[in-house]
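Enquirer: Here's the letter readout for the chains.
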Amino acid sequence: MKCSAFATIAATLAICLFVLLTAPQAWGMPQDERKKAMEEKLEKPAPAEEAEKKDEPAKEPKEKWLAVKGGDVYTITGPVLRDAIVLAKDGIIVDLGRDIAIPDGAEILDATGHRVYPGLVAVSSSGLLGSEPPEHSTDVYGLNMILGLSGGLTTVVTGNTAAKLTYGTLEKMVLKRGLFTTISYSRRSSAQRRALRADLDKVRGYLRDVEVFGLRKAAGDKDAKEPDNKWIKGKYSTYLKLLKGEVTAILSCDLTQDLRDAADLAEYYGFNLVIRGGGEAWAVAPELGRSNVSMIITPRRKIRQGPSYGPEDDEDINPDLQPILAAWEDKRLLRETGTSPELARILYDHGVTFAIIPQSGYISLGGITGRDIATMPMEAAFAVRGGLPEDAAIEAITINAARLLGVDHRVGSIEVGKDADLIILDGDLLHYKSMVQWAVVNGRIAYDKEKESLFAHIRPRGKEGTEAIPEFWPRDLGPMPTFVPDVEPPVPGEEPPAPGEEPPAPGEEPPVAGEEPPVAGEEKTDDGADEQSPATKEDEGGK
Amino acid sequence: MKRLTLTTIVIVLAALLAPCGVAGGVPDQAPAPEKEVPLVAVRCGKLLTMDADKRVINNGVILVRGRLIEAIGPASDVKIPKGCPVIDGSDYWVTPGLVDFHSHVGGDLGDLNDGVYLTNPDLRTTETLTPNNEYVKDARAAGVTSLLLIPGSGNNMAGFGTIVKTAGRTAEEITLKNPGCIKIAQAGNPERWWYRVGRFFMYWNLRTTLEELREYHDTWCAYEEGKIKEKPAVDRIKEPFRDLFRQKYVAVMHTQGYQLMMTTVTQLWDALGIRTVMDHCTFDGYKTAPLMAERNVPIVAGPRNIWFDRHDRRVNGVPAKYAEAGVKILATNTDSPVLPIEEHFYQATIGVRMGWDNAYDALAGLTIIGAEAGLTHDRVGSIEIGKDADFAFFTGDPIDPRSACMLTMVNGKVVYDAKKDGQRY
Amino acid sequence: MSVYEIIKGHWRRAALMAAVTAIGLTTGLFAADDDKEDFVAVTGARIITVSGDEIKSGTIVIKNGVIEAVGKNVEIPFPARVIDADGLVVLPGLINPCTLAANRPYSRSGVQAHMKVADEFDPYKETLDGLLKAGFTTLGFRPRGSGIPGTAMAARPLSECGADRVLNPDAYVFMEADSPSRDKRLLKSAFDTAKKEIEKQEKAKKDWDEKQKKAAEEAKKKAEAEKKQAEQKGEKKDQPKPQPEKKGEAGKKDEKKEPAKFTPPAIKPPYVPIVDLIQKKEGVRAFVAFGQASDYIHFEDGLKDYEFAHDYVLRNNRSDCDLPLVADKLGKKKARVVVMPVVNFRPLTRNRFNLPKLLVEAGCHLSLRPSNDDVRAHTEFLRQVAVLVAAGLDRDAALKAMTLNPAELLGISDRVGSIEKGRDADLLFLSGDPFDLATRVEKVMVKGAVVEGRHEIQ
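Chains A, B and C supply the protein sequences, listed in that same order. Each residue of the first sequence is one higher than the one before, starting from 467 at the first, in the numbering used here. Each residue of the second sequence is one higher than the one before, starting from 2 at the first, in the numbering used here. Each residue of the third sequence is one higher than the one before, starting from 8 at the first, in the numbering used here.
So that you can see chain A by itself, here it is in the shape it has in the complex:
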């Protein structure tokens, strides 16, 4: 008995244990195991696809060659080479001439019948590249960049950086940073002028001391003390660089006195100076030429501030009007327009290096073109108007502009060793009908007029010109309404004829334009509407 009972209980227990072990879920315990199992699963490495996903990037060809052949090459710093080849390797011009072997695999640009110029250099611009630093903010596919290239620009200045319009890439975009340091030297603030001169004197004194120290040391003087240079920071370090010739100063002024003073300053301290504006420089060109300043000018610029009208002799002006007119005019100007169209020519005659820039540095597609940076050659053409030789005008937007910026070792002319920045036009750069057909930047074709829809329809090149999209709406507007005087008001008592009804007795019926529609069922006879509408026989009236 005891045995069997014990056996029963044992069996029950065994069965329960069996249940326990085989149905862990019911007891909650192996939740951890479950969790562990899941974690294991999650830690399992992701399918090993990423390693194989990215194939070896297509091997870039070792060297990229570009040959522009068949065109007349205007080198700017050398002769014009007719029917010549410009050969570039990896964005640098390696050969220039007529009998040049073009390596296999080179990209060939056939410029037969076209002219090859160096890419234009704009010494100020806005909107073509991003804000400084341009290589980290420019939209390299932007419409403004395309417009700049279509105008022949390849190098532009944004802020204080000279960079290229490298469409579609950021490689080799920046040419030079820290182009200029701005100084101010105006008659309006003599304290500021004194302060500037004092600072420059101080720095110049330091340079002199350094030189003296060097000499003394060389001579064996043991007491020679090295001049203290801890104070050379901030603006003083800039001035030091300026006086050493490592950086160029820039200032804006228009009036003769300011121009003379600026030129004197540059000459006295011996630093490189660029003057922006220079409206009255035509009057002080000899001084500017002597002091070796460079200029940035706009031939079409007028610095007259407002209208001046009335008799030419000021004494005749009504004294009440004088304050108003004085506010408009700048009596300090030597001429009413402030500038002279001959400014460029006069500067050229006196040996002043200058760059030409249009009135506005940005590009607008708002409606008026021809005055912005996309038509910079036109601005140079206006300098020719004043007597400047055409070659000098072209230099002012190519090599001289590059010289001003200090990047003429890279851009500004077509020479072996310089960057392959070229523009190919279908005519003279300064002629109004010439348009840029191709623009090459760093040896890459960055703009092709035919492939870019913007201007492809204007004097299309060869047969690849785009088809004109028909856009006229030749909708026939129908017969024109003639001028009809006022309708006679209906006589009170009579109802005006309702549309479609039989018209009332003839004589009072207002003229209708055209026939009345025939009443349904009635036949419309060929000889007109005599039976239907007596009114149509009457005078139509009106005009």
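Think of the hints as simulated: they come from the structure by calculation, not from any bench. Model, not experiment: these values are computed from the prediction. There's no promise every hint is true.
Unchecked claim - From the structure, some residues in chain C lie toward chain A, with a derived Cβ separation under 10 Å:
id	residue
1	22
2	30
3	187
4	308
5	438
6	439
Ideal Cβ positions, reconstructed from N, Cα and C, are used throughout, including at glycine.
Put chains B and C on the given structure of chain A with help from the hints.
Expert: Coordinates of chains B and C only, in the frame set by chain A:
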């Protein structure tokens, strides 16, 4: 030498003066000139007459008597009488003086959009002319010899414009045609100057005004032709508009864009029989060009010279599009001071650059078309006998910015000489 | 009588009762435990497996929420719940790899790569239900903000927490590259800092190794010296070693016995995922989001010194989208891209382009995601993709782009994304072809259980 007898003197003088009297057989010469007004001769390196035959004479001569042109021809045909002052343009291209048919600089810029009502049929720019102001001097320096001074476009009907010359001391001296035009802007600017007006209202307003004026004219015509017995009342304000309907002067329309230009054609040209000259004509107005070409409506495009089509990503030249559609009377303007008046030629330059490939037509737009538009082509616009002696002398292609205007003549007198007075532009 | 006696008297009955009770318990327990061996069979459906061929009329057998067998004639085990899907089309559940739907993540800026969406997932139940109803069974919930706002999570749109919900808590590090002037510098500096951290660690390891070497050499010398001493002392070898008196010596002894573990200096937490990216740790990848062609150029330029696994999220629902300009560049490197199913106009023209099609033709690995983060966009998604297919996108590419490819991007393609043995049974039942505009979602099944359906299934 023998003793000089009176006979000898007379013979010698007669021999010298004979060429002046030679008439017939020589082309382009008027009958015997009057003795009071002196003759001036102009030598031309290249003479672009801009006449109907499109004559270009190399090494030409123009004889000017007083204000008018008396003779034109090659130097071999037109002999310059001895003692006759000669203006030497033998290094220059000589064109008719340029005509700008949309400008606001002949007068006071401050009154540009003066108005009492949305329609001001009684205002006249002739009362605000300021001869010889700085802008006019600039115009002369660029070869512009006549301009249309109009009020601004801030009103539906802004007032009468005046066509003036760019040289003269008084308003009477400079006036070429008064009224030169009536300035009408159906939309496109008045809504910015007048509070809460829209196109419905402006079209209605203008149309009813013009219909009223038309009715006045028609009533008077009927009276004059005897159709009406009762003499209509004379309305001082409406009276000047009779000439508009007789097409003695034009209505200058500030109009642009497709819808507006179409309304101008239907409402004014067709329905009211007014000779309208379309100014501006920018944006997508060129889509109405077939209508314009059909009716030979003059188009004076500008100052906007391009339109960026944002649906096809293309930059369209404005005059180019009209020329493409076959518009014959096509010119450009500056709407100065929006663009400087001296860049009047430059509008043609850009027009050609952007696709109006016929440079001759562009130059015609600067000269004879501008005159035709304003109905002053009997006096200016081309170098033909009997017209005013308004010339511009360029160092080369007039629409090439590299060529400078070195000399300008208005009414037979030199009013700008770059070599003497300094090159102003 | 005692219990014992009762049992003694009726021991057979008692044993029988006990046995029956035990059996009852066990079967009951088993019965209560229904995911032990739960079979579901879907029959008669047109099955689009994505990873293989389409099966015109087939059967899917699901065991415990995992697909056991797929085929034309598959034996259905007993017992199984049978879902008759005759006339329906079965797809893998749709996967949206990058979305803010149904979640409200904090917006962060700067480098916050360690912040995980998995930790702050705050769902809207209605939205989750809506997403399920639209057919999406997996979503990549991304963090929000600028710079590197955090790490995304791949999860099912279930509102209850459970083992089935999260599929990958570290799906990808999300990076914004939308505005070069703002993001380029940030990304570059983030990677530079991470590199510095790695260098710091490597330097510390090097220093430690050197220290260890030196210590080992010294210990060796010392040991030799002691040995010599011991040898000199002779018999005293067997003596137990003298107890150390100084604690310092104890440390030395420890070093001798087991080398101490090198603990590298901690990496700043926000940069840990970036360090993993640079070190190409398995399973760690980044998503980079931008909308313009130029942004891509800037991104590649900014991080050109670093090689790391990254995929692209292209925001192409803008009117100024010019991404076709870089389609060939992306295709050449067989980039994996996530695109919205939109047909755009080329900016300023009347010419339309189908960006997904261009990318596929160029060679990219395409994933598609709805063009918005709301439920409506998810509901419209299939129809939008249908428009793309009608406009030229390859049908198979489109199907993959909604299912298998996003799964690969999220690192969970071994669990979801296709209908084959071993995958979770996340299925979408459609009333017709997925690219037929009249098609409606009939049922949505998650891990073998129908969670959304027009016809309720018990």
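Enquirer: All hints, please: hold or fail.
Expert: Evaluated hints:
1. Because the closest C-beta pair between residue 22 of chain C and chain A is about 5 Å apart, less than 10 Å, the hint holds.
2. At its closest, the beta carbon of residue 30 of chain C sits 8 Å from a beta carbon of chain A; the interface hint therefore holds under the 10 Å criterion.
3. At its closest, the beta carbon of residue 187 of chain C sits 5 Å from a beta carbon of chain A; the interface hint therefore holds under the 10 Å criterion.
4. Taken as an interface hint, residue 308 of chain C checks out: its beta carbon lies about 5 Å from the nearest beta carbon of chain A, inside 10 Å.
5. For residue 438 of chain C, the suggested interface contact is broken, since its CB lies about 32 Å from the closest CB of chain A, more than 10 Å.
6. Annotation: interface hint on residue 439 of chain C violated; nearest CB of chain A at approximately 32 Å, more than 10 Å.
Against the hints set out earlier in the document, violations occur for numbers 5 and 6.
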